[in-house]
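Engineer: Throw the hints in and build the complete structure from the sequences for me.
Going by this note's numbering, the residue at position 41 of the sequence shown is 885; the numbering climbs one at a time, nothing skipped.
Note that these hints are calculated values from the structure, not bench results.
For each residue, glycine too, the CB sits at the ideal point set by N, CA and C.
Wrong hints could be hidden among the right ones.
[To be verified] Pair by pair, the computed Cβ-Cβ distance ranges are:
(1) L1016 - R1257: 47 to 57 angstroms
(2) V945 - I1245: 35 to 45 angstroms
(3) E1113 - V1248: 33 to 43 angstroms
(4) G1019 - I1136: 43 to 53 angstroms
(5) A1164 - E1113: 30 to 40 angstroms
(6) G1234 - Q1166: 16 to 26 angstroms
(7) R929 - R1043: 12 to 22 angstroms
(8) R934 - V1248: 34 to 44 angstroms
(9) R895 - A1233: 16 to 26 angstroms
(10) V1029 - A1195: 38 to 48 angstroms
(11) R1043 - N1196: 15 to 25 angstroms
(12) V956 - G1019: 13 to 23 angstroms
(13) L898 - F1258: 44 to 54 angstroms
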Amino acid sequence: MTTEPQAIRTRASRRARALAPTAGLVVAVLLMAANLRPAVTGLGPVLDQVRDSLRASPAFLSVLTALPGLCFGLAGFLAPVLARRAGLGRALAVSLGLLTVGLLGRVVDGPVVLLTGTFVACAGIAICNVLLPVVIRESFPRRIGLLTGLYTAVLQGAAALASVVTPALDSLLSGWRTALAAWAVLAAIALIGWLLAARPGPAPDPAVEEAADIAPAGDLPPVEARGRSLTRNKLAWAITLFFGLQAMFAYSVMGWLAQVLMAAGVSREVSGVMLGTASLIGVPLSLVVTPIASRGRSQSVWLAGITATGVLGVLGLMLAPQAAPWLWTVLMGVGMGVFSLAVALISLRTANAAETRSLSTMTQSVGYLLAAVGPLVFGMLHGLTGGWAGSLVFLLVGQAIQIVVGLVAGRDRFV
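Structural biologist: Structure (structure tokens):
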């Protein structure tokens, strides 16, 4: 007869299993990835309309554009707790539910509701941010570079699509509210796909199960299952800082580039296409560069080189914004494309799934808190000066630090 402690252990073991590595799971992961940026990139091209409609101040817009990074950081700390209690499959289903509700709810009323709904939607995204690398590490350990490249390519492609399509939806659906709410349909499709595809994989070896049954029912999972603390690990902090700096750059661009381009004389529709192009450039980088770079022992040169390309784009936009705005946008898009490799580092610099969970939590929670500083300071500097030069200098300083940190984070070591 199965005792109560054994039953508890059996349920806990089922929750702790890696998800079955099926083709359906790959599709579900990619559908989920498609929902991780439209909530953010769809907002940039209509930000001035939000301002006019809600009579919002520059400070409010700065907070609104900084909110995704802040939420990703705060809610990201809860992702491992939710995964331990409910399992990876259920935790990610909850995240998609939050995203769907947040996208629908944020457009129904005024500034407070917009902020609250954006926070809820981004809380769902935050859980995905932390747990998707764990799904890949656990279910597809021999395809980390390929699948990381695929899911980040889809992520960046969807980010580009939202930048381009949202202005069109704004015209077609007669307003920014319905244009932004329309992205909840994509989130609902991903939720259905995930519920159909996410299934626990095979049970662990019976000897391991038997050993687990001997332990008292109230014990926490073993250290290997929980992962060790990395707060005193210098490499973990280097990876976290690099992730935060590249996200700070990316979210500043996603939040404000369209407005900078419109100030330089580019139309709303074209600025949305240009912002979408900046995001879309990350797709080939994810599909080609990340798998190649992941096979090498060190990724330092890749991290520094891709970041330096973004520096050239910011310099051009600051010194000669009207001379070649498409070129500056493309160069900045290349700089944003380092995201895929930054995500891959989480798996490449860890020796097992437990460490991947710990590093993913630390990197994306602390990193996104740092990222929230970017669009907030960018918008506030614009509000204080009335121009964009100070904001762009701020980005350059962050990227210079990012290059130095990337040389350290990419070295051939484990946390």
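Engineer: Which numbered hints are broken by the structure, listed smallest first?
Structural biologist: 5
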